[in-house]
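Chains A and B, in that order, are what the protein sequence lines are. Residues in the first sequence are numbered from 579 upward in steps of one, following our numbering. Residues in the second sequence are numbered from 10 upward in steps of one, following our numbering.
If you are wondering where the hints come from, they were derived from the structure by calculation, not from laboratory data. Incorrect hints may appear among the rest.
Using C-beta positions, here's what the derived DEER-type ranges look like [said to hold, decoys possible]:
(1) A:Glu618 / B:Gly55: 37 to 47 Å
(2) A:Arg666 / B:Gly176: 42 to 52 Å
(3) B:Pro97 / A:Ala663: 43 to 53 Å
(4) B:Arg129 / A:Arg666: 44 to 54 Å
(5) B:Lys145 / A:Asn822: 46 to 56 Å
(6) B:Gly198 / A:Gly697: 54 to 64 Å
(7) B:Ala52 / A:Thr715: 55 to 65 Å
(8) A:Thr820 / B:Pro62: 21 to 31 Å
(9) A:Glu598 / B:Ser131: 18 to 28 Å
(10) B:Gln64 / A:Thr715: 41 to 51 Å
(11) A:Thr820 / B:Pro97: 50 to 60 Å
(12) B:Pro147 / A:Phe810: 12 to 22 Å
(13) B:Gln64 / A:Ala639: 23 to 33 Å
(14) B:Gly176 / A:Gly605: 17 to 27 Å
Residues from chain A that keep clear of chain B, each with C-beta distances beyond 12 Å, as calculated [said to hold, decoys possible]:
(15) Phe687
(16) Pro723
(17) Ile729
According to the in silico footprint, chain B covers these stretches of chain A (three or more CB under 8 Å from chain B) [unchecked claim]:
(18) 733-746
(19) 761-770
Each residue gets a CB set at the ideal place from its N, CA and C atoms; glycine is no exception.
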Amino acid sequence: MRHLLLIAAVLCGTAAAASEHAAIGGGQFSSVLPQGPGNEPVTVAPFKLDRHPVTNAEFLAFVLKQPRWRRDRVATLFADAGYLAHWRSATDLGGDLRPQQPVTRVSWFAAKAYCESRGERLPTWYEWEYAAAASETVPDARGDPAWRQRILDWYAQPSPPVLPDVGRSPANYYGVSDLHGLIWEWVLDFNALLVSSDSREQGGADRLRFCGEGALSAADREHYAVLMRIAFLSSLEARYTTANLGFRCAQDAR
Amino acid sequence: MKHAPSNRAALLALALFGVTGAYGVDAPPAPPVAHEVMPPAAAIPGESIYQLPLQLTLQDGRQMPLAALRGQPLLVTMFYTTCQGVCPLMAFTLRRTMAALPEAERARMRVLMVSFDPARDSPEALRGFAELNSLKGPAWLLARTEENDVRELAAVLGIRYRQLPGGMFSHSAIITLLDADGLIRTQTGTLQETDPALIKAIGDVLR
Chain A
579 MRHLLLIAAV LCGTAAAASE HAAIGGGQFS SVLPQGPGNE PVTVAPFKLD
629 RHPVTNAEFL AFVLKQPRWR RDRVATLFAD AGYLAHWRSA TDLGGDLRPQ
679 QPVTRVSWFA AKAYCESRGE RLPTWYEWEY AAAASETVPD ARGDPAWRQR
729 ILDWYAQPSP PVLPDVGRSP ANYYGVSDLH GLIWEWVLDF NALLVSSDSR
779 EQGGADRLRF CGEGALSAAD REHYAVLMRI AFLSSLEARY TTANLGFRCA
829 QDAR
Chain B
10 MKHAPSNRAA LLALALFGVT GAYGVDAPPA PPVAHEVMPP AAAIPGESIY
60 QLPLQLTLQD GRQMPLAALR GQPLLVTMFY TTCQGVCPLM AFTLRRTMAA
110 LPEAERARMR VLMVSFDPAR DSPEALRGFA ELNSLKGPAW LLARTEENDV
160 RELAAVLGIR YRQLPGGMFS HSAIITLLDA DGLIRTQTGT LQETDPALIK
210 AIGDVLR
């Protein structure tokens with residue numbers, strides 16, 4: 579009996595260590611994109627986040643299981659012509675790609691469908707930003723100039739012709755890799771980040787004046803890298819795909 | 010026009026049976042329920058909004074898949090009933106747009122307004138908004154759908170929206186014209202006045 583317990587404990591330990599998800603305790607934090615006027619902290623509920631972006635191999639397994647997401651079968655409403663265009667065929671990565679590279683050239687709809695096939699979802703922007711504020715040692719490293727500079731350096735470099743594999747960068751405080759320095763990532767509410775000024779409700783009324791530049795709190799101008807993410811994501815349509823845009827999945831903590 | 014989908018179904022069914030006959034099977038005459046053999050999604054164009062699998066609940070409590078609206082052109086917007094500013098203005102603009110159409114065209118147009126706010130917009134709330142804004146008659150479909158579907162519908166319509174801490178929403182106010190197959194024909198952000206380009210596009214779609 580004691581042996582059994584021991585084995586169980588070892589198994590559980592192994593399972594936890596190999597888990598694809600990092601548990602992220604929720605909390606309040608100051609987002610560069612406040613929810614409303616003023617700079618009220620945003621509350622993030624505890625959640626789980628993939629330790630690394632979804633890979634070519636994982637996405638290939640998904641399209642083989644759900645052929646309507648193959649590039650030759652996907653409805654054009656859900657993905658543009660660049661969808662998985664770098665794969666050799668609809669069902670084959672080809673020799674130039676590695677299975678452990680992050681999958682890119684995926685639309686929001688395809689990314690969302692992948693996460694749903696796992697019983698999960700895309701992370702929200704606030705979840706992504708919250709997790710991405712961590713360095714290797716602290717949950718919120720945004721005040722650390724050296725850390726910020728390292729991230730900015732990535733944005734300053736042209737992307738390499740061949741994307742590195744996932745999980746090569748050091749895991750952050752939560753055990754999550756590649757939030758910076760590898761690819762751009764879809765979030766569930768990409769179309770909520772900057773609401774265009776079409777809405778007449780925003781004109782003039784101070785209580786709703788939060789969109790566009792007004793949304794970004796002056797204190798956070800230093801968070802240039804994160805602001806670039808927001809600008810990039812809010813320029814997208816749900817069917818768009820690009821060579822450096824991938825995703826990872828999240829789920830509510832239970 | 011109204012019968013376009015069932016005609017298409019019947020034709021497809023005939024074609025299917027025709028093929029069976031061509032391969033030498035002694036095919037019986039097509040049964041009257043032939044259109045039921047057609048997979049309903051098969052003929053929806055790839056870029057059609059009716060590819061979305063979402064379910065609507067209308068102001069009268071009726072439930073239907075979005076794709077059931079296929080077969081007739083449609084004006085679509087998104088709104089929420091507790092919205093004080095732009096949503097009544099959108100309703101007003103849609104009412105004026107419908108009123109500006111020749112009667113024969115108006116009789117063939119419908120308007121779908123889908124709520125951003127499934128938590129609060131029950132069929133009763135939708136009915137209240139319709140009454141308050143004089144959206145009367147069978148052409149006016151006010152609907153709620155689940156939160157995940159709200160996001161997908163907004164995504165295909167290119168509508169940005171965001172819930173504010175007080176429960177209100179900030180959102181782009183866009184009117185979209187879909188043709189009978191659910192393809193986006195035009196979009197307008199013109200409110201209050203009717204957009205002449207929209208009126209013309211409706212005429213073209215119905216022609």
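Legend entry - Consistency of beta-carbon spacing, Asn822 (chain A) to Lys145 (chain B), with hint 46 to 56 Å: holds (51 Å)
Legend entry - chain B versus Pro723 (chain A) - minimum CB to CB distance exceeding 12 Å, so not interface: With a cut-off of 12 Å, Pro723 (chain A) remains clear of chain B, as the shortest Cβ separation is near 31 Å.
Inset, instruction - Take the C-beta atom of Gln64 (chain B) and the C-beta atom of Ala639 (chain A), compute their distance, and say whether it sits inside 23 to 33 Å. - result: holds (29 Å)
Legend entry - Outcome of range test on Cβ distance (Arg129 (chain B), Arg666 (chain A); 44 to 54 Å): holds (49 Å)
Inset, instruction - Determine whether the Cβ-Cβ distance between Thr820 (chain A) and Pro62 (chain B) falls within the hinted range of 21 to 31 Å. - result: holds (26 Å)
Legend entry - Pro97 (chain B) versus Ala663 (chain A) beta-carbon gap, inside 43 to 53 Å or not: For Ala663 (chain A) against Pro97 (chain B), whose Cβ atoms are near 45 Å apart, the range 43 to 53 Å holds.
Legend entry - Cβ distance range 17 to 27 Å for Gly176 (chain B) and Gly605 (chain A), holds or violated: For Gly605 (chain A) against Gly176 (chain B), whose Cβ atoms are near 23 Å apart, the range 17 to 27 Å holds.
Inset, instruction - Apply the coverage criterion to the region 761-770 of chain A and chain B: a residue qualifies when its Cβ sits closer than 8 Å to a Cβ of the chain, and three qualifying residues are needed. - result: holds (count 4)
Inset, instruction - Take the C-beta atom of Arg666 (chain A) and the C-beta atom of Gly176 (chain B), compute their distance, and say whether it sits inside 42 to 52 Å. - result: Once the Cβ atoms are compared, 49 Å apart, the range 42 to 52 Å for Gly176 (chain B) and Arg666 (chain A) holds.
Inset, instruction - Kindly confirm whether 12 to 22 Å is satisfied by the beta carbon distance between Pro147 (chain B) and Phe810 (chain A). - result: violated (44 Å)
Legend entry - Satisfaction of the hinted span 54 to 64 Å by the C-beta atoms belonging to Gly198 (chain B) and Gly697 (chain A): violated (38 Å)
Inset, instruction - Given the range 50 to 60 Å, decide if the beta-carbon distance of Thr820 (chain A) to Pro97 (chain B) lies inside it. - result: 39 Å Cβ-Cβ, so the 50 to 60 Å window is violated.
Hint compliance for this structure: hints 6, 9, 11, 12, 15, 18 are not met, and every other hint is.
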